[in-house]
Amino acid sequence: MKEMYTITAFSENHIGLLNRITIIFTRRHINIESLTVSSSEMKGVHRFTIVIEEEEALVKKVVKQISKLPEVLRAAYYQNDEIVYREIALYKISIESAIEKNLEHLLREYNARMVDIQKDFVIIEKTGHVEDTEKLYDILRHFGILQFVRSGRISISKQKKELSSYLSELPINEYVKA
Amino acid sequence: MKKITGAEAILRSLKEEGVDTIFGYPGGAIMPIYDKMHKEDCSIKHILVRHEQGAAHAAQAYAQVTGKPGICFATSGPGATNLLTGITNANLDSIPTVFITAQVPSHLLGSDAFQETDMVSLSMPVTKWNYQVTKAEEIPEAIAKAFHFATTGRPGPVLLDITKDAQLNTLDYRYKKIKSIRSYNPVPKLKEDDLNEAVKMIKESRKPMLLAGHGILLSHGEKELLAFMEKTHIPTAVTLLGKSAIPEDNPWYVGMLGMHGNYAPNILTNEADLIIAAGMRFDDRVTGDLKRYAVKAKIIHVDIDEAELNKNVQADLPVNADIREFFKAITPRLNYKAGGEWLDEFEKLYKTEYEKVIQPECYPENGKIRSGEAIKMLSDKTKGEAIVVTDVGQNQMFAARYYDFKNPNSLITSGGLGTMGFGLPAAMGAQVGAPDKTVVLFAGDGGFQMTFQELGTIFQYNLPVKMMVLNNNFLGMVRQWQDLFMDKRYAETNMPTPDFPKLAGAFGIESHVVTSRENLETAIEDMLNSEGPYLLEVKIEKEANVFPMIYPGSAVDEIVLE
Ligand SMILES: Cc1ncc(C[n+]2csc(CCOP(=O)(O)OP(=O)(O)O)c2C)c(N)n1
Chain A
8 MKEMYTITAF SENHIGLLNR ITIIFTRRHI NIESLTVSSS EMKGVHRFTI
58 VIEEEEALVK KVVKQISKLP EVLRAAYYQN DEIVYREIAL YKISIESAIE
108 KNLEHLLREY NARMVDIQKD FVIIEKTGHV EDTEKLYDIL RHFGILQFVR
158 SGRISISKQK KELSSYLSEL PINEYVKA
Chain B
17 MKKITGAEAI LRSLKEEGVD TIFGYPGGAI MPIYDKMHKE DCSIKHILVR
67 HEQGAAHAAQ AYAQVTGKPG ICFATSGPGA TNLLTGITNA NLDSIPTVFI
117 TAQVPSHLLG SDAFQETDMV SLSMPVTKWN YQVTKAEEIP EAIAKAFHFA
167 TTGRPGPVLL DITKDAQLNT LDYRYKKIKS IRSYNPVPKL KEDDLNEAVK
217 MIKESRKPML LAGHGILLSH GEKELLAFME KTHIPTAVTL LGKSAIPEDN
267 PWYVGMLGMH GNYAPNILTN EADLIIAAGM RFDDRVTGDL KRYAVKAKII
317 HVDIDEAELN KNVQADLPVN ADIREFFKAI TPRLNYKAGG EWLDEFEKLY
367 KTEYEKVIQP ECYPENGKIR SGEAIKMLSD KTKGEAIVVT DVGQNQMFAA
417 RYYDFKNPNS LITSGGLGTM GFGLPAAMGA QVGAPDKTVV LFAGDGGFQM
467 TFQELGTIFQ YNLPVKMMVL NNNFLGMVRQ WQDLFMDKRY AETNMPTPDF
517 PKLAGAFGIE SHVVTSRENL ETAIEDMLNS EGPYLLEVKI EKEANVFPMI
567 YPGSAVDEIV LE
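These protein sequences, in sequence, are chains A and B.
Position in the first sequence (first residue = 1) + 7 = my numbering.
Position in the second sequence (first residue = 1) + 16 = my numbering.
Please keep in mind that the hints were generated in silico from the structure rather than gathered at the bench.
Predicted model, so just to flag it, every value in this text is computed and none were measured.
Just so you know, even glycine gets a beta-carbon here, dropped at the ideal spot from N, CA and C.
Any given hint could be a false lead.
Some chain B residues well away from chain A (every beta-carbon gap over 10 Å; in silico) [said to hold, decoys possible]:
{"#": "1", "residue": "Glu287"}
{"#": "2", "residue": "Arg301"}
{"#": "3", "residue": "Asp321"}
{"#": "4", "residue": "Asn326"}
{"#": "5", "residue": "Ala331"}
{"#": "6", "residue": "Pro348"}
{"#": "7", "residue": "Pro380"}
{"#": "8", "residue": "Gly383"}
{"#": "9", "residue": "Gly472"}
{"#": "10", "residue": "Phe501"}
{"#": "11", "residue": "Met511"}
{"#": "12", "residue": "Gly569"}
{"#": "13", "residue": "Leu577"}
{"#": "14", "residue": "Glu578"}
Label pairs and their computed distance ranges (CB to CB) [stated by the list, open to error]:
{"#": "15", "chain 1": "B", "residue 1": "Asp209", "chain 2": "A", "residue 2": "Ala64", "range": "21 to 29 Å"}
{"#": "16", "chain 1": "B", "residue 1": "Arg190", "chain 2": "A", "residue 2": "Tyr173", "range": "28 to 36 Å"}
{"#": "17", "chain 1": "A", "residue 1": "Arg93", "chain 2": "B", "residue 2": "Asp209", "range": "36 to 44 Å"}
{"#": "18", "chain 1": "B", "residue 1": "Asp305", "chain 2": "A", "residue 2": "Lys67", "range": "17 to 25 Å"}
{"#": "19", "chain 1": "A", "residue 1": "Gln86", "chain 2": "B", "residue 2": "Asn510", "range": "50 to 58 Å"}
{"#": "20", "chain 1": "B", "residue 1": "Arg190", "chain 2": "A", "residue 2": "Leu174", "range": "25 to 33 Å"}
{"#": "21", "chain 1": "A", "residue 1": "Arg93", "chain 2": "B", "residue 2": "Lys18", "range": "54 to 62 Å"}
{"#": "22", "chain 1": "A", "residue 1": "Ser175", "chain 2": "B", "residue 2": "Arg190", "range": "29 to 37 Å"}
{"#": "23", "chain 1": "A", "residue 1": "Tyr173", "chain 2": "B", "residue 2": "Glu578", "range": "55 to 63 Å"}
{"#": "24", "chain 1": "B", "residue 1": "Asp305", "chain 2": "A", "residue 2": "Glu138", "range": "40 to 48 Å"}
{"#": "25", "chain 1": "A", "residue 1": "Gln86", "chain 2": "B", "residue 2": "Asp289", "range": "33 to 41 Å"}
{"#": "26", "chain 1": "A", "residue 1": "Ala64", "chain 2": "B", "residue 2": "Glu508", "range": "35 to 43 Å"}
Let the sequences and hints guide you as you build the complete structure.
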């Protein structure tokens, strides 16, 4: 059965590694639902968060192929209930409808906030799961949304010893520079 | 510290890694390196090929016969892209190779400069690792990493793309080999639990079978494998790339697996109650229909590459380990011998195959010459001691089936990619790596024509390769499929061929053509007795097919003899 899986990988920060990782998915015709790359808490180490909807057996194979890349430190996969995860969404709404429809009350109700106010429009921010940001989208649609954007997923596992805790135990690569 | 140029640093770093031979072809962007190589004190031998694809295949074959990584140079743009088939071939067959391509100066990167190609992106899916060097100072570390990745763990091709300015600029040079990299764990630790479980599974089995793959040769585990077979008497089959790991007269050797493998091991794969897959990856050419593969067997799968475990076939016991270590550790713990009746089952089926297929193929009495008889004769005359290189197609399958391999790494063939045109350049590389050995090439007329420009290289370096072109005037293997599955509609497989002896003659290479059985033996002897390179064209039966065969989509035990 296909389910949502979140894959986390830590890698050395090397040009092209993103490409190498995505090739593993594209070769197998796997659609990447979301992909977030950022530096980790450790200098020089990057963190990939990749969301796909697939069968577990296939996810396992893919994670092994990611782990196998010589510059990937570690990779693992999780189901939704094993992680805390969030996306962030931004909505741009015209100032008239924001004033007209008592937006502030609504934002409080949906745990969203206004992050910028301009002469013609306001920008609202909401973090949560896709369903949450979508729900707010459906509401705000009636206000007339000028622009909408949603980030990829970021996640943290609920296990005590998370992947990233291995990072602090990593040795430094030694290479004598002249 | 005296500063040296990047180009010098490249050559010195290669020497640090023990490189003495490079296959390559010059061009604009790589000229600084060639310029430094031209100096008298450069001890590295360079083999100038006639096409970069040839350099790549040659380097891979060189690696296979010497056990050292194969090295290739090519210039930017077309020189580099010409390598791609060879890199891919080395990747699918896990051969340690280091490709060095030159690149336009770094300030021109991304601008579609003359002969700029994004080689790092192009080679990404077909290399184990690659990297673009844009600064001279990066060279020693990049080369040290390249060799470390290429040669450790599951080996494979790596590529360094080095900009021209990095070659020309200077650096303070200091080299240090890399022993470990924190993100890379090439040799997994064999687990005690896995060993115990494997011992238990073997002890409980009544019809065990061992499938030995290329991993045996790559880990230099032939001796350990033989000791295991000796102790357990477990019937052992090989994959195409596992061939030559076991001398074929070994009493427990039961032949080759797969589409054109032997009858017994294919059929009995579905009778076995235990399969020990050793350094092999259950390629679809080996397994046939996966749903009906190894139907009665528990499976122990040992591989150094964890990603191979449970990839194609679900193992009851996946063991992530170096196969040599595995055999070394398990053999002393086993007090087990497989029963003789089980081995007899293989023998019985072999007899059937011998009567129906092998005898008529290798010892025919009339009709035109058959590939099998030419190969068997050559096998006898060289006592199984030659290094055999094949091209792809029927010639490859016949060579694998009928040459009686004795020594490890004596079959050089394109397995995973099935690259026509591989044979001649690979034979050339094998001969460079093993100058004192008899290197024999078996090629079809089609594949030979794909890379025959390397005759020029063979001539230039007087490499005594013995080339046997099995000419059926057809793209034989494709014609066979058209014969079997497409009502003999021979679409574009019938091919007129050049006068091969004349072609060889144009390169100053001795040659002969043989068309009849009574002249075959002398022709082969003449070839083997010749001093230098020699091309023997053998006009063979035009519409001969390779059997046995597992038809596409069939199960292993549905293998047919005719
Ligand atoms: C580069 C490449 N192109 C096409 C093929 C497909 N192919 C596989 S076998 C074969 C026929 C080979 O014919 P020939 O070289 O004459 O050898 P034979 O099978 O007759 O021994 C072809 C075209 C291939 N394997 N490689």
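Status of each hint after checking the structure:
Once the 10 Å rule is applied to beta carbons, B/Glu287 is consistent with being away from chain A; the minimum gap is 27 Å. With a least CB separation of 19 Å from chain A, B/Arg301 remains clear of the 10 Å interface cut-off, as annotated. Its beta-carbon lying about 7 Å from the closest one in chain A, B/Asp321 breaks the requirement of being farther than 10 Å from that chain. The Cβ of B/Asn326 sits about 7 Å from the closest Cβ of chain A, inside the 10 Å cut-off, so the non-interface label is violated.
Distance check on B/Ala331: its Cβ is at least 13 Å (rounded) from any Cβ of chain A, clearing the 10 Å threshold; non-interface status holds. Residue placement check: B/Pro348 keeps its beta carbon more than 10 Å from all beta carbons of chain A (closest about 31 Å). Every C-beta of chain A lies more than 10 Å from that of B/Pro380, the closest at about 45 Å, which supports listing it as non-interface. For B/Gly383, the non-interface assignment is confirmed: its Cβ lies about 46 Å from the closest Cβ of chain A, beyond the 10 Å cut-off.
With 10 Å as the threshold on Cβ separation, the claim that B/Gly472 sits away from chain A holds: the shortest Cβ distance comes to roughly 36 Å. With a minimum CB-CB distance of about 27 Å to chain A, B/Phe501 clears the 10 Å threshold, and the non-interface call stands. B/Met511, annotated as away from the interface, keeps every beta carbon of chain A farther than 10 Å; the closest lies near 33 Å. Its beta-carbon lying about 21 Å from the closest one in chain A, B/Gly569 satisfies the requirement of being farther than 10 Å from that chain.
The beta carbon of B/Leu577 sits about 36 Å from the closest Cβ of chain A, which is more than 10 Å, so the claim that it is off the interface holds. The Cβ of B/Glu578 sits about 38 Å from the closest Cβ of chain A, beyond the 10 Å cut-off, so the non-interface label holds. Restraint check, B/Asp209 to A/Ala64: a C-beta distance of roughly 23 Å satisfies the suggested window 21 to 29 Å. A C-beta distance of roughly 31 Å is found between B/Arg190 and A/Tyr173, which places it inside the suggested range of 28 to 36 Å.
Here the CB-CB span from A/Arg93 to B/Asp209 is close to 39 Å, well matched to the stated 36 to 44 Å. One distance hint, 17 to 25 Å for the beta-carbon pair B/Asp305 and A/Lys67, holds here, with the actual separation near 23 Å. Take A/Gln86 and B/Asn510: their Cβ atoms lie about 57 Å apart, and the range 50 to 58 Å holds. In this structure the supplied range 25 to 33 Å holds for B/Arg190 paired with A/Leu174, their Cβ-Cβ distance being about 29 Å.
Distance hint check: the CB atoms of A/Arg93 and B/Lys18 are about 56 Å apart, consistent with the given range 54 to 62 Å. The supplied range of 29 to 37 Å is met by A/Ser175 and B/Arg190, whose beta-carbon atoms lie about 30 Å from each other. At about 58 Å, the beta-carbon gap between A/Tyr173 and B/Glu578 stays in the expected band of 55 to 63 Å. At about 42 Å, the CB distance of B/Asp305 to A/Glu138 agrees with the hint of 40 to 48 Å.
The supplied range of 33 to 41 Å is met by A/Gln86 and B/Asp289, whose beta-carbon atoms lie about 36 Å from each other. Our hint of 35 to 43 Å for A/Ala64 and B/Glu508 holds, since their Cβ atoms are close to 40 Å apart.
Consistency note: the structure conflicts with the earlier hints numbered 3 and 4.
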